[in-house]
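Enquirer: Okay, so the sequence shown: first residue is 1 according to this note's numbering, each after it adds one.
Each hint should be verified, as a subset may be incorrect.
Stated by the list, open to error - Taking CB as the label site, the calculated pair distances span:
hint, residue 1, residue 2, range
1, Asp-114, Tyr-12, 35 to 45 Å
2, Ser-60, Lys-82, 13 to 23 Å
3, Gly-19, Ala-119, 12 to 22 Å
4, Arg-89, Asn-50, 23 to 33 Å
5, Asn-100, Met-1, 17 to 27 Å
6, His-128, Phe-54, 10 to 20 Å
7, Lys-124, Val-57, 18 to 28 Å
8, Glu-71, Thr-35, 17 to 27 Å
Note that these hints are calculated values from the structure, not bench results.
Note that the Cβ used here is the ideal one computed from N, Cα and C, for glycine as well.
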Amino acid sequence: MIKFTYKTKVYYKDVDQMGVVYYNRYYEYFEAARTELLQSMSIDVTSIENEGYFLPVITSHCDYKVGANFEDILLVNTMINKPPKATMRIDYEIYRSSNNELLVTGYTIHAFTDQSGKAVKPPKGLVHILKSNIQSIGSD
Numbered sequence: 001m002i003k004f005t006y007k008t009k010v011y012y013k014d015v016d017q018m019g020v021v022y023y024n025r026y027y028e029y030f031e032a033a034r035t036e037l038l039q040s041m042s043i044d045v046t047s048i049e050n051e052g053y054f055l056p057v058i059t060s061h062c063d064y065k066v067g068a069n070f071e072d073i074l075l076v077n078t079m080i081n082k083p084p085k086a087t088m089r090i091d092y093e094i095y096r097s098s099n100n101e102l103l104v105t106g107y108t109i110h111a112f113t114d115q116s117g118k119a120v121k122p123p124k125g126l127v128h129i130l131k132s133n134i135q136s137i138g139s140d
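Using the sequences and the hints, build the whole thing.
Expert: Right, dumping it as structure tokens:
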């Protein structure tokens, strides 16, 4: 398993009239955490796209347990449990850092496509990096 923790703060723009994070903002937290996870392994999304590969989200799911509030510090645990084949699944858990309370769980599934949207095999370089990181973590 590859795991990365992304830290973010809840700003006023993130909350609804009740002072609770608006439900769709969690998907934005997922996206930021996913980008930082890949960057932590020196995988640059722009470089992948420049090579002609795209990773659109084809499925997304979010289970809301407890709402986050204005000025909370959130920890977004982002995990890849197995190397991609035709698709890649990324799992998420969001915790309130002050008390480690689990607020949200979810996942996104990504396809690999070319610029026209046609399904393609994942880039070999990406698969190699992910497999290496999964194996190195698993051998500890």
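Enquirer: Are the hints correct? Go through all of them and say.
Expert: Here is what the structure says about each hint:
1. Asp-114 with Tyr-12: 35 to 45 Å: holds, 40 Å
2. Ser-60 with Lys-82: 13 to 23 Å: holds, 19 Å
3. Gly-19 with Ala-119: 12 to 22 Å: violated, 43 Å
4. Arg-89 with Asn-50: 23 to 33 Å: With Cβ atoms ~24 Å apart, the hint holds.
5. Asn-100 with Met-1: 17 to 27 Å: Distance hint for Asn-100, Met-1 holds at roughly 20 Å.
6. His-128 with Phe-54: 10 to 20 Å: holds, 19 Å
7. Lys-124 with Val-57: 18 to 28 Å: Holds - the Cβ-Cβ distance for Lys-124 and Val-57, about 22 Å, lies within 18 to 28 Å.
8. Glu-71 with Thr-35: 17 to 27 Å: Once the Cβ atoms are compared, 23 Å apart, the range 17 to 27 Å for Thr-35 and Glu-71 holds.
Hint violations for this structure: number 3 only, all remaining hints satisfied.
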